[in-house]
Amino acid sequence: EVQLLESGGGLVQPGGSLRLSCAASGFPFSNYAMTWVRQAPGKGLEWVSAISGSGGNTYYADSVKGRFTISRDNSKNTLYLQMNSLRAEDTAVYYCAKILWELGYYDGSGFFDYWGQGTLVTVSS
Amino acid sequence: QSALTQPRSVSGSRGQSVSISCTGTSSDVGGYNYISWYQQHPGKAPKLMIYNVNRRPSGVPDRFSASKSGNTASLTISGLQAEDEADYYCCSYAGSYTLLFGGGTRLTVV
Numbered sequence: 664e665v666q667l668l669e670s671g672g673g674l675v676q677p678g679g680s681l682r683l684s685c686a687a688s689g690f691p692f693s694n695y696a697m698t699w700v701r702q703a704p705g706k707g708l709e710w711v712s713a714i715s716g717s718g719g720n721t722y723y724a725d726s727v728k729g730r731f732t733i734s735r736d737n738s739k740n741t742l743y744l745q746m747n748s749l750r751a752e753d754t755a756v757y758y759c760a761k762i763l764w765e766l767g768y769y770d771g772s773g774f775f776d777y778w779g780q781g782t783l784v785t786v787s788s
Numbered sequence: 079q080s081a082l083t084q085p086r087s088v089s090g091s092r093g094q095s096v097s098i099s100c101t102g103t104s105s106d107v108g109g110y111n112y113i114s115w116y117q118q119h120p121g122k123a124p125k126l127m128i129y130n131v132n133r134r135p136s137g138v139p140d141r142f143s144a145s146k147s148g149n150t151a152s153l154t155i156s157g158l159q160a161e162d163e164a165d166y167y168c169c170s171y172a173g174s175y176t177l178l179f180g181g182g183t184r185l186t187v188v
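Residue numbers (the working numbering), protein chains in the order written: chain U, 664 to 788; chain A, 79 to 188.
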C-alpha cells in the first residue's frame, strides 16, 4: 500500500526557515518523480515544486523560486522541501504527492495519484 | 500566470448530471492534453479523478467523464450521489514544467 506521510510543519516568523519531510512507502520511490502542492486556508491548490526520481532535475513555481529547495534521499525514501525567507503568503497546508507514471523523470503532467495528509505551515509574527 | 477559471459553485439533484468548466488559454489548457481533475472532500487530500483529459484511474466510477474543447476543459458527473459533494479542481500543464490549478468548484448535491 502506497503511503506518504508529511512532517515538519509549524509556526515560523516571517523571514524564517522550515524543512518539510515526506516519508514514502509501498512503491519503488526512486522510480517516481515527486511533487509538493500547497493550499492556503480556504483557498485552492497551488503547485509548488517537483523533482525527478534521481533528484537530478528540479522544478519550481515562480512564487517560490529562489526561496524553496526540493530534494530527496532515495536511500531513506524521503522527499524534502527546504523553505527559506518565508512570507505570510506561504501559509498553507503542504502536500507531497507521487507522479502517476513510473517514468523516473518529471514529465510535467500534473497527474498525481497518491497524496499525503498534508502538513500545515503558518508564517506569522 | 493566473489560475484557471472555474465556476465557484455548481449544484445538482441526486441522480442528475452536472458539468464543471475549466477555462484557460492556448498556453495551458488549449495547448496540451496534460489536463487532470481532482476531487477534495473537506479536510482531506485531493484525489485524482481524471488524467490525460479524459482517462479515469482505476477505481474511479465511470459516472465521471471529461473532455476538452479549445481552451476549455469540462468535467461531467452523471447520476449524482451524495458522496460526490466536494470541491473539484482542474489542473493543466502550462509549459516549462509548470502547472496551473483552477480556483476550484464547490459541488453541492441537493
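I should point out that these hints are in silico values taken from the structure, not numbers from a laboratory. Idealized CB from N, CA, C, for every residue including glycine. There's no promise every hint is true.
Quick list of simulated restraints, FRET-style, between CB atoms [said to hold, decoys possible]:
no., chain 1, residue 1, chain 2, residue 2, range
1, A, His119, U, Thr732, 41 to 47 Å
2, A, Arg141, U, Arg750, 37 to 43 Å
3, A, Gly137, U, Asn737, 46 to 52 Å
To give a feel for the contact side, a few chain A residues facing chain U, derived at Cβ under 7 Å [to be verified]:
no., residue
4, Ser114
5, Pro120
6, Ala123
7, Leu126
8, Tyr129
9, Phe142
10, Tyr171
11, Leu177
Where does the structure disagree with the numbered hints, that is, which hint numbers, in rising order? When the structure is compared with the hints, numbers 1, 3, 5 and 9 turn out to be violated.
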